[in-house]
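A.B. asks: Letter by letter, the chains look like this.
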Amino acid sequence: MNKIRSLRCLLPETITSASTAASNRGSDGSQFSVLWRHQILDPDSNIVTYWNHVFLITSILALFLDPFYFYVPYVGGPACLSIDISLAATVTFFRTVADIFHLLHIFMKFRTAFVARSSRVFGRGELVMDSREIAMRYLKTDFLIDVAAMLPLPQLVIWLVIPAATNGTANHANSTLALIVLVQYIPRSFIIFPLNQRIIKTTGFIAKTAWAGAAYNLLLYILASHVLGAMWYLSSIGRQFSCWSNVCKKDNALRVLDCLPSFLDCKSLEQPERQYWQNVTQVLSHCDATSSTTNFKFGMFAEAFTTQVATTDFVSKYLYCLWWGLRNLSSYGQNITTSVYLGETLFCITICIFGLILFTLLIGNMQSSLQSMSVRVEEWRVKRRDTEEWMRHRQLPPELQERVRRFVQYKWLATRGVDEESILHSLPTDLRREIQRHLCLSLVRRVPFFSQMDDQLLDAICGCLVSSLSTAGTYIFREGDPVNEMLFVIRGQIESSTTNGGRSGFFNSTTLRPGDFCGEELLTWALMPNSTLNLPSSTRSVRALSEVEAFALSAEDLKFVAHQFKRLQSKKLQHAFRYYSHQWRAWGACFVQSAWRRYKRRKLAKELSLHESSGYYYPDETGYNEEDEETREYYYGSDEEGGSMDNTNLGATILASKFAANTRRGTNQKASSSSTGKKDGSSTSLKMPQLFKPDEPDFSIDKEDV
Amino acid sequence: MELRKDKLLMFYSEGKESKEAKWAVNDPMSKSYKLSLPSALRPDNLLPGNRLRYTDASKSKSSKVSWYKTILDPGSEIVLKWNWVFIVSCMVALFIDPLYFFVPAIGGDKNYPCARTDTSLSILVTFFRTIADLFYLLHIFIKFRTGFIAPNSSTRVFGRGELVMDPKAIAWRYIKSDFIIDLIATLPLPQIVIWFVISTTKSYRFDHNNNAIALIVLLQYIPRFYLIIPLSSQIVKATGVVTKTAWAGAAYNLLLYMLASHVLGAAWYILSVDRYTSCWKSRCNGEAGQVNCQLYYLDCDSMYDNNQMTWANVTKVFKLCDARNGEFKYGIFGNAITKNVVSSQFFERYFYCLWWGLQQLSSYGQNLSTTMFMGETTFAVLIAIFGLVLFAHLIGNMQTYLQSLTVRLEEWRLKKRDTEEWMRHRQLPEELRNRVRRYEQYKWLATRGVDEEVLLQSLPTDLRRDIQRHLCLDLVRRVPFFSQMDDQLLDAICERLVSSLCTEGTYLVREGDLISEMLFIIRGRLESSTTNGGRTGFFNSIILRPGDFCGEELLSWALLPKSTLNLPSSTRTVRALVEVEAFALRAEDLKFVANQFRRLHSKKLQHTFRFYSHHWRTWAACFIQAAWRRYKRRVMENNLTAIESMENEEGEVGEELVVVEEEECVEESPRTKMNLGVMVLASRFAANTRRGVAAQRVKDVELPRFKKPEEPDFSAEHDD
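Protein chains in written order, with the numbering used here: chain H, 1 to 706; chain Z, 1 to 720.
Hint data in this document are derived by calculation from the structure and do not stem from the laboratory. One thing to keep in mind: the hints can contain errors.
SDA-like, lysine to any residue: derived pairs with alpha carbons at most 25 Å apart [said to hold, decoys possible]:
#: 1; chain 1: H; residue 1: K383; chain 2: H; residue 2: F359
#: 2; chain 1: H; residue 1: K383; chain 2: Z; residue 2: D166
#: 3; chain 1: H; residue 1: K297; chain 2: Z; residue 2: K281
#: 4; chain 1: H; residue 1: K297; chain 2: H; residue 2: P78
#: 5; chain 1: H; residue 1: K559; chain 2: Z; residue 2: R510
#: 6; chain 1: Z; residue 1: K176; chain 2: Z; residue 2: D166
#: 7; chain 1: H; residue 1: K383; chain 2: Z; residue 2: R426
#: 8; chain 1: Z; residue 1: K443; chain 2: H; residue 2: F64
#: 9; chain 1: Z; residue 1: K416; chain 2: H; residue 2: K317
#: 10; chain 1: Z; residue 1: K591; chain 2: Z; residue 2: R426
#: 11; chain 1: Z; residue 1: K316; chain 2: Z; residue 2: D109
#: 12; chain 1: H; residue 1: K383; chain 2: Z; residue 2: N313
#: 13; chain 1: H; residue 1: K317; chain 2: H; residue 2: F114
#: 14; chain 1: Z; residue 1: K329; chain 2: Z; residue 2: G108
#: 15; chain 1: Z; residue 1: K443; chain 2: H; residue 2: L439
#: 16; chain 1: Z; residue 1: K339; chain 2: H; residue 2: V128
#: 17; chain 1: Z; residue 1: K281; chain 2: Z; residue 2: N313
#: 18; chain 1: H; residue 1: K297; chain 2: Z; residue 2: G331
#: 19; chain 1: H; residue 1: K411; chain 2: Z; residue 2: G331
#: 20; chain 1: Z; residue 1: K443; chain 2: H; residue 2: V128
#: 21; chain 1: Z; residue 1: K591; chain 2: H; residue 2: L439
#: 22; chain 1: Z; residue 1: K443; chain 2: H; residue 2: K383
All chains, please: the whole structure from these sequences, using the hints.
C.D. replies: Listed below in structure tokens is the structure:
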């Protein structure tokens with residue numbers, strides 16, 4: 001295998017530009033994969049994982065099934081044992097079905113690949129697909145245990161016991177059967193541990209939910225109770241039989257009666273020798289567990305006879321034994337009253353030790369499962385308590401505390417305590433981009449500024465966008481602060497206002513709605529050819545009117561995108577930026593208002609000059625000079641704007657007309673307010689404060705090349 | 001301290017003659033130092049002194065002295081192993097000691113029981129206890145030969161601290177601190193009492209000595225149990241944990257639980273025997289009748305003379321002391337008497353008492369119904385307290401071990417649940433969810449929930465480099481591009497390589513996207529295709545296999561002399577066909593390696609890069625196709641020219657074509673300067689691409705021009 005792989009590495013790859021060659025190779029690969037899929041399986045594939053789960057369930061069912069063989073013998077009459085053949089046949093049938101699963105498991109192990117140890121240095125490792133190596137490895141490791149667990153030993157003993165029952169060795173056969181079942185129980189239990197390990201190794205957990213894990217542990221507990229109850233029942237039958245055997249030997253020793261071993265089998269009840277022996281012997285009085293005068297010490301096994309467990313029907317017998325096992329396992333055998341018999345004492349010690357171990361395991365696993373269910377809620381509760389304690393410790397004012405509580409509550413509703421960044425960061429680049437495209441793209445396209453960009457640019461921007469949450473009343477920017485991010489509003493409303501650098505008498509306020517953006521000074525800064533580290537200062541104060549959800553683009557991300565993608569520098573984006581920028585809109589509104597005031601002032605001066613004589617010549621000249629100065633100052637800007645406007649195409653004209661239509665209402669309101677101000681004092685209106693033209697982002701590509 | 005330092009200096013300066021130096025260092029050095037002789041005279045004194053003593057002492061004595069005087073480091077391997085061996089022997093000794101409680105037993109028959117001693121059991125227990133005592137003695141000896149950390153604050157401020165190796169200081173410190181407890185634990189007190197008892201035969205002494213044995217064993221049990229606590233803390237201090245695996249820790253705690261049950265059962269047994277015999281004694285002393293009762297009548301070793309037999313016939317002591325019908329109240333000890341525990345064989349006695357202890361300890365003694373006897377009530381209180389403490393301790397430790405076993409699994413389950421909940425909360429489409437689940441599954445299989453970066457960052461630089469060399473170097477050498485580099489360059493690259501996992505169907509990079517890393521494929525297959533910038537009619541697709549690399553535009557960018565921040569755009573779209581495991585070299589790491597190591601600028605690497613770059617192969621394939629089409633067009637025009645020789649305009653067009661061909665030939669002239677290796681590579685390349693060229697159909701339509709890829713600047717002079 002290694003030689004073939006090394007040869008492939010040495011050979012250079014050919015360029016497969018021909019479609020016919022590609023189609024041939026594809027079909028050949030598919031045929032080979034079909035053949036491969038039928039022969040050798042991947043240990044981490046879905047089919048092997050599914051089979052592991054199925055086999056785990058059947059193994060546990062088989063462990064539940066085997067102790068039913070212990071209920072086959074029962075007391076069928078006075079001083080005799082009998083065999084429940086129908087129960088034996090039923091259990092044998094189900095056990096054979098379980099053995100078929102074990103056989104299939106061995107077959108699957110011969111067809112499952114394994115990871116070569118030397119290739120585990122990097123990544124997941126390479127699979128060994130050679131059938132001979134797989135078989136050799138399996139034979140060296142787990143094959144013997146699997147065969148020992150698979151052998152149908154109880155079935156063989158049952159079919160041998162039924163014809164041998166005529167010999168009168170029923171108890172001997174029962175003991176052999178119990179011993180074989182107990183001995184085979186060990187490899188069958190042992191199989192479950194590597195199976196658990198294999199499932200955990202493949203998927204990371206046994207049970208998907210915490211409750212399933214807790215139920216699984218409880219099921220193991222009940223299984224142990226079931227096994228323990230069955231052993232108690234069988235040991236009780238054994239003690240009763242040994243008492244009968246002792247009395248039988250005593251009768252033979254005293255030579256009073258002839259007691260044959262077959263007398264203790266219920267098949268000999270009708271024989272006359274057996275009936276005579278039963279009438280004369282004292283076995284019933286000596287071996288009666290319900291009587292207090294008996295000499296034989298039954299100890300903990302007397303309960304099986306005082307409650308008629310050994311002679312009742314199967315369902316009642318089984319449920320009582322299960323209850324006995326569950327009771328003594330959960331109380332570590334503290335209710336048991338034993339005799340000094342060595343086997344009985346050892347059995348009780350085993351019950352106590354297993355009870356301690358299983359109880360401790362159950363509590364530990366239950367606690368682990370319950371803890372994992374509520375770990376996020378507990379983390380959040382601890383975090384809230386820490387926040388409250390810290391706010392009390394720092395003596396924050398109640399208004400600030402209320403704002404912090406509102407934000408924490410809002411963050412829980414938005415994220416449910418899950419750290420979104422860490423989840424995204426652990427995924428590969430392509431998946432991360434797909435997820436961020438799903439999360440951001442439909443929302444980002446609502447922002448008109450982004451609708452001008454192409455998909456590749458939008459993917460890069462979606463990768464950098466971070467969600468930003470602000471509660472009502474929060475100041476996102478204040479006038480004069482450095483702008484470190486650009487916000488694109490998705491939900492909520494934002495108030496954006498400016499005083500033009502703190503100038504008295506000037507105030508402009510707009511409401512930003514979903515689709516708008518703020519912090520546009522950052523785009524101007526990002527497109528500068530000289531990369532300065534100083535962030536621009538904000539010309540507006542931005543405050544959240546309601547709970548705002550927005551996407552934030554940080555300064556370094558914006559600079560990175562601006563440098564990487566030359567397509568960001570285009571006239572189309574320039575016009576869209578001017579159109580949707582509220583800063584430019586404010587400047588446009590001021591420009592229109594100044595032009596209108598200049599027009600009205602010129603008209604008034606003209607009318608006055610018509611009606612007045614030469615006596616007022618000096619004041620008219622002064623007003624004309626002022627008007628001329630203002631006209632010259634704005635004419636300079638108008639020239640520049642006009643020059644650039646001449647070069648725009650038809651799209652710009654459409655945008656300009658749309659812009660004019662949208663700002664008509666604002667202009668009317670400003671005109672009415674300005675007329676009111678004019679009535680109060682004409683000197684103030686004459687000295688109109690001038691709004692500076694905002695810096696235009698450099699969209700030209702030529703300067704970048706220089 | 002100065003004297004010690006001088007001795008140490010003398011010891012280390014003569015390394016080869018360490019034995020002789022040790023032998024001589026006590027007498028002549030101290031004397032010479034006290035007399036303050038000049039240093040020139042010291043060798044003269046040492047040499048004859050060594051010779052004289054060497055001739056006097058035999059070889060065996062010198063070897064014994066050297067072994068005897070060896071000082072051990074408390075953190076060394078041999079002391080740690082001895083601590084383990086000693087703690088195991090302490091546990092075994094704690095298990096053996098309560099077996100002395102089973103030595104007294106009840107003999108005789110039902111009508112005339114008597115007190116007896118199980119001599120064979122006492123001999124056996126004494127033998128095993130003597131072996132355990134030898135371990136305690138050896139422990140004391142080793143403590144006299146183990147150094148300790150000087151308690152000065154100046155030595156322990158940094159690092160581990162300095163060792164004190166002086167035998168006198170070690171002995172003095174040990175005698176002041178732990179010697180008394182070790183001595184009490186070592187004393188063979190039960191052995192002395194047992195051998196003293198065997199010589200006596202009188203019953204009243206026998207009873208007294210039984211109580212003496214029990215009292216002595218119980219009293220010595222306290223220092224023996226106390227020894228385990230500092231021993232466990234020493235092991236924890238040296239290695240961090242007592243047991244290496246969690247299951248061994250759980251078994252250790254269960255073993256302590258069983259030991260407590262064993263001690264409790266044995267104590268219950270000997271108290272039962274004591275209650276039984278004390279009833280006999282009180283009735284015997286109070287009996288006044290025709291025949292007086294002597295205490296030795298209750299001993300199984302008595303003479304059985306006529307007076308004793310007469311007394312046995314008329315006495316009522318045993319009837320009054322019967323546990324079922326008698327007047328005496330046995331309380332919690334009645335079970336031992338009614339069930340004949342005290343008169344059974346040893347194994348039956350032992351296992352029943354173990355079961356009794358286990359039962360009462362795990363149920364906190366709630367089945368006990370006591371009398372008003374104060375000793376019995378105190379015993380029951382102790383059972384309840386110890387039961388509560390041990391049970392809570394067992395559950396707590398079991399839970400700690402279980403959680404340490406499953407902490408990684410629980411973290412993974414939590415992360416998976418968080419991811420599922422977050423995907424549902426954000427309403428990702430089902431196709432994206434399945435891709436995320438498949439990637440998480442693949443990541444679990446590759447890493448098993450362990451963060452490799454965190455593990456590597458916590459190691460020192462040299463270990464980290466060696467580990468990354470082990471992880472990367474054999475795989476990196478499979479990539480032909482790296483096989484041309486030397487070891488130092490490969491080490492630098494291995495340190496910066498990051499493993500990258502891609503599931504099926506993942507787009508690693510799309511045409512036009514920024515390339516941020518260069519991938520070297522280790523396992524899996526990738527499909528790399530290009531449309532030459534979205535041009536219609538052009539499509540090229542190849543399969544990348546283990547040993548190939550993609551993102552080679554990044555190498556051109558890294559070797560540029562001007563360090564521009566703009567990352568290059570990808571000219572190809574790369575998609576994973578199956579699960580891919582690759583090494584990624586990030587852009588900043590590649591630029592760092594290119595700037596630091598000038599050896600990356602070489603013509604050999606340039607030719608290897610051209611040979612293995614699929615970008616260059618694609619260009620070469622297009623170049624060959626264009627040349628072939630040009631040749632076919634020239635042949636066809638020659639035929640047409642031969643047929644139509646009278647038209648002059650076509651002749652002019654032919655001349656223009658000839659001029660264009662000459663220009664292209666001029667462009668190709670620098671390639672003739674390449675050496676023989678390049679020609680061999682080129683011929684191999686041409687042979688491999690012959691099939692691809694042959695499969696191309698002849699098209700009369702003009703082929704769109706494919707731009708020559710930008711060549712990385714491998715020249716070293718340009719950087720200078």
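A.B. asks: Work down the list of hints and note, for each, if the structure agrees.
C.D. replies: How the hints compare with the structure:
no.	hint	verdict
1	H:K383 with H:F359	34 Å, violated
2	H:K383 with Z:D166	56 Å, violated
3	H:K297 with Z:K281	31 Å, violated
4	H:K297 with H:P78	19 Å, holds
5	H:K559 with Z:R510	22 Å, holds
6	Z:K176 with Z:D166	16 Å, holds
7	H:K383 with Z:R426	23 Å, holds
8	Z:K443 with H:F64	36 Å, violated
9	Z:K416 with H:K317	46 Å, violated
10	Z:K591 with Z:R426	38 Å, violated
11	Z:K316 with Z:D109	15 Å, holds
12	H:K383 with Z:N313	85 Å, violated
13	H:K317 with H:F114	47 Å, violated
14	Z:K329 with Z:G108	22 Å, holds
15	Z:K443 with H:L439	24 Å, holds
16	Z:K339 with H:V128	65 Å, violated
17	Z:K281 with Z:N313	18 Å, holds
18	H:K297 with Z:G331	22 Å, holds
19	H:K411 with Z:G331	67 Å, violated
20	Z:K443 with H:V128	20 Å, holds
21	Z:K591 with H:L439	34 Å, violated
22	Z:K443 with H:K383	30 Å, violated
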